[in-house]
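> Each chain is listed here by its residues.
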Amino acid sequence: MKKIEAIIREEKLEAVRKALEDNSYFGMTVSEVSGRGRQKGLSLQWRVGEYQVDFLPKLKIEAVILDEDLSKILHAIAKSARTGEMGDGKIFVFPLDNAVRIRTGEDGDNAI
Amino acid sequence: MSVNSGDTAWLLVSSALVMLMTPGVALFYGGMVRRKSVLSTMMMSFAILAVVGLLWVLYGYSLSFGPDKAGIIGWLDWAGLSQVGQEPSAVYATTVPHLAFMIFQAMFAIITVALITGAVVERMKFSAILVFSVLWLTVVYCPVAHWVWGDGGWLAKLGALDFAGGIVVHISAGVSALALAKLLGPRKGFLNKAPMEPHNIPLVALGAGLLWFGWFGFNAGSALTSGGLAASAFVATNISAAAAAFTWMILSWLHRRPTLLGTVTGAIAGLAAITPAAGFVPPLAGIPIGIVAAVVCYYCMLFRMRLNIDESLDVWAVHGMGGTWGVLATGIFASAAINSAGADGLLLGNALQLARQLAGVAAVWGYAFGVSWVLGKIVNVTLGLRVSKTEETVGLDISQHGERAYGGALR
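Chains as they are written, first to last, in our numbering: chain Y, 1 to 112; chain E, 1001 to 1411.
Where hints are given, some of them may not hold.
Straight-line distance between alpha carbons at most 30 Å, and here's what the computed DSSO-like set of lysine-lysine pairs gives [claimed, not checked]:
| no. | chain 1 | residue 1 | chain 2 | residue 2 |
| --- | --- | --- | --- | --- |
| 1 | Y | K40 | E | K1036 |
| 2 | Y | K60 | Y | K18 |
| 3 | Y | K60 | E | K1193 |
| 4 | Y | K90 | Y | K72 |
| 5 | Y | K72 | Y | K18 |
| 6 | Y | K79 | Y | K40 |
| 7 | E | K1182 | E | K1036 |
| 8 | E | K1036 | Y | K60 |
| 9 | E | K1377 | E | K1036 |
| 10 | Y | K18 | Y | K79 |
| 11 | E | K1069 | E | K1157 |
| 12 | Y | K40 | E | K1157 |
| 13 | E | K1389 | E | K1182 |
| 14 | E | K1036 | E | K1188 |
| 15 | E | K1193 | Y | K40 |
Pairwise CB distance ranges (calculated) [unchecked claim]:
| no. | chain 1 | residue 1 | chain 2 | residue 2 | range |
| --- | --- | --- | --- | --- | --- |
| 16 | Y | Q45 | E | V1374 | 29 to 39 Å |
| 17 | Y | G37 | E | L1191 | 22 to 32 Å |
| 18 | Y | G41 | E | F1303 | 18 to 28 Å |
| 19 | Y | K72 | E | F1190 | 48 to 58 Å |
| 20 | E | L1254 | Y | G41 | 20 to 30 Å |
Treat the hints as calculated values from the structure; they're not laboratory data.
Every residue, glycine too, gets a C-beta built ideally from N, C-alpha and C.
Build out the structure end to end from the sequences listed, making use of the hints.
Quick look at the structure:
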């Protein structure tokens, strides 16, 4: 099993949620995060003049994926979160040792 | 003179309206700072409501309005509200209880001191701002109020007009804010252009709304009677606020986008500028007064930033310069037909009035800046003006007050 962290645009949450759901992945954790990539920051206006905001609001989706589904899921997320502009985000994949479903105590792939 | 119930009702309501402006300042300023210092910023205003509210009845009112000594200061005959009761005063607002006039003036003293705090947010010790406020009320506000509004005050005798506090409130607070900000130095990171993002612009807009609302008490209440003059000042006030808010919105749009923060700042600039003029000029003079106020304050703010002075929330640019323009504009647009206690201004052929206004501006600019500088120095060597570097990094809410605005990170 693998853990993925997808950093996406805020407005793409629904599309990504649906893409995961279409592939029978219902569980995920979503957090509001700030970050930057090559898009860098954003210039905002003050009472007069401007100031630079270095980090932009993004959403981070964390989910655990079975090895055999990984490439399908990565493709589904990338497709649903893409606009083609800078700032679409990134997906990181981590190896994962184990998982436990707290209610039943099941572990391994059965807990996903 | 006997008590007039209509005048009394209006002045008491106006006192309450002006009181609400200080919580308005707290919100207006509180929304513009970073989230770690919002409570400390608001606390300064509320603490001043408490402290100045007490000092005013104990001695402040008497120093400002008590029997004149040499045109400079009121004597302490009225300290502790001695001789200030339900009967009208013989010289001020002679149709309302003396107590009503006294409490109306209390609200002016409170908000003037509170305005200064916008210059020192996020780095001044709470104890230091308290001590500075007490000293400043005593040796800057009270004398200046006496000069301009006191019976026998030297600027009043000179004929300088200030209907509701362009000199007494906005210039004195604005230039003192500049002096204090210079002494205190910039916030950590300011010189490296660290973003000092306003953490809650809706709070700023709410505060500006309360200020605009309360300003009707400030300006129309300063008629001290409930009649035509109050209505004229009321209308002039709204016109100037609208003209300045609209102008700032356009300036912001020309730069890039029409911002809410800029638009409400424009409203405050227009309100500050119409303050000295409201009851001396025809209401429609509010249009040029408001438009010019927005342009002057906008460019003064840019100028202040270029000088790299962290006068954090632009008390000088908005109140000091808005007030300065308003006092001069009074000398331009005033008409004795609007208010027989006033005078004709430049447009009606009386250039001398503009010179009198200029004298008032120059005197209070010099006095307020100089004395505030000395007071700031005194507080700095005795108590220290600034919090420690660590306290500043943590934020003043936790380091000065032991509380935080937006707690409950884990619900």
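> Taking each numbered hint in turn, which are not upheld by the structure, reported in ascending numerical order?
12
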